[in-house]
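> Below are the chains, spelled out letter by letter.
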Amino acid sequence: MTEKPNRPINRRALLQTFGRVLVVGGLGLVGARALKLGSGRELVWQLDPHKCVACGNCATYCVREESAVKCVHTFAMCGYCKLCTGYFDPEPLSLETGAENELCPTGAIKRRFVEDPYFEYTIDEALCVGCAKCVKGCRAFGNGSLYLQVRHDRCKNCNQCSIAAACPSNAFSRISADSAYLLKGSEHQG
Amino acid sequence: MNERRGTTNARLLVAAVLIVAIAAALGAVIFRNSGDEAGSGLSDEFEYDLDELRAVDPALIVYDETSCTAVGLAEPRALAVGPRGRIYVAGDKMVRLFDPDGVRLPGDIALDGAPTSLAVAEDGTIYLAMTDHVEVYGQDGTRRAAWDRVSDETRITSIAVAEEDLFLADYGHREVVRCKRSGEIVGPIGDFVIPSPFFDVAVGADEKLHVTNTGEHRIEIYTFDGNLVSWWGEFSNTTVEGFSGCCNPVNIALLPGGRGYATCEKGLTRIKIYDADGDFVGFVAEPRQFAEHDARKEAPGFNWDLVGLDVAVGGEGRIVVLDRTTAELRIFAPNSKNHSQQGEKQ
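Note that the protein sequences, when read in sequence, are chains R and C. Each residue of the first sequence is one higher than the one before, starting from 1 at the first, in this note's numbering. Each residue of the second sequence is one higher than the one before, starting from 1001 at the first, in this note's numbering.
Isolated chain R (complex conformation):
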């Protein structure tokens, strides 16, 4: 039961201990990463359309010159309205496809006649800048079938997404790459 004498720690011993902790910790991190990749649970950035407030930040805060966030359309929720408030300006001159009547500043929404009085609206992603103006229009009067999503063919999956940092409603989170989109209308399908 003799007590161990308190030996002074010299600089070399301290550095050795610190080095061991670093090596073990690093190996642990690498192992965890390998396990995660092995289980197919890589994480990607996505935005929850139910939290999105269509502020417009997605268009300007992405590190890419052309934002990786685009408008998407859930057709099952769409009313196929003749007067789509996501497509037409609030004060349209007429309900025709002239640029002067369109809400989208880049003309990224295409309107196609289906049958009277129904029209189909599709997004031309090459033109969409993710400004969410159509999202606001659709939500103001309609069903909210137009909304934003991070498109993973464009997203660089930065460690810290700069749009997520600027998102006022905290709509961004990392989700599994196995189900990389949060699509409206599929909430109850697992």
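Don't read these hints as lab results, they were simulated from the structure. The structure presented is a predicted model; accordingly, all values stated were derived computationally and were not measured. A virtual CB, placed ideally from N, CA and C, is assigned to each residue, including glycine. Relax, there's no trap hidden among the hints.
Cross-link-like lysine to aspartate or glutamate pairs, in silico, EDC-like; alpha carbons within 20 angstroms at most:
hint, chain 1, residue 1, chain 2, residue 2
1, R, Lys184, C, Glu1298
2, R, Lys51, C, Asp1305
3, R, Lys51, C, Asp1294
4, C, Lys1093, C, Asp1305
5, R, Lys110, R, Asp89
Which residues of chain R face chain C? A partial, calculated answer using Cβ under 10 angstroms:
hint, residue
6, Val53
7, Tyr61
8, Pro90
9, Pro92
10, Leu103
11, Pro105
12, Pro117
13, Tyr118
14, Ala132
15, Val135
16, Ala140
17, Phe141
18, Ala166
19, Asn170
Based on the hints, put chain C in the right spot on chain R.
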């Protein structure tokens, strides 16, 4: 002595540098631009602003709000006015009662499921839509019958009761279903354009059906046999006479004596009065009176099925409004600018 002073100065310098660095780091965290206040930086071309459309000439507001009561339901769905002006509000799994002034009465009626609409007959019988079927309750709150499901896709958003018939607005099939008050289905009426889940039917003093065809921005009048008699209404976001947005009016109530209509709109949240010919009379409530409603619908996770107001006509020409979003019962009475009501009083 000099050596020690030199060491002290070096320590002070290090401490000062550390303090400045910590202060800078704290400042960066506290005053970090989170983007919401600074805005997106997009030009005006990218703005979506309805404020100009929300502005209303005060001279056009012909009703004043007389009461506003919290209904105490998480998801109030429907409103009806029954005998003696008693107000019925259905929601959650119950029907809650209020007196004509909006004061809550005791005796909630508990239900097995969540109601989507209700109507109250002159004898006090309560007809409740439970998404795809109808349940019948007596004045005392006891269930008398539960009808068979209309169909798998049926989604009843409104019920109107006549002397011998019941009419169901079926959003699932975009048609009105005529039933006998015994529950027997007679058949469908009309083929409507209903883009969003708000579809209303009412029975008028003229023994006609008045149905909202929201995608066409009009109200259509049918015989009970399903023959279209007439229609009125048009789209306009810029003039008060028209119905705004993609699909309005979401709900209507018929004024006593066939004098006209009270109409509710979503998007530009407002309640208006039209005469029997469909000519605009004035506002019951204008968009700025629904600021709280509009703010709540912008909140993350908002339930869009609750966005449309419901409306009914109470005693003494009052308009009763159920704001499903704020869960409030609001009552409006004609004011001095309401010439149609003044004419009636004289």
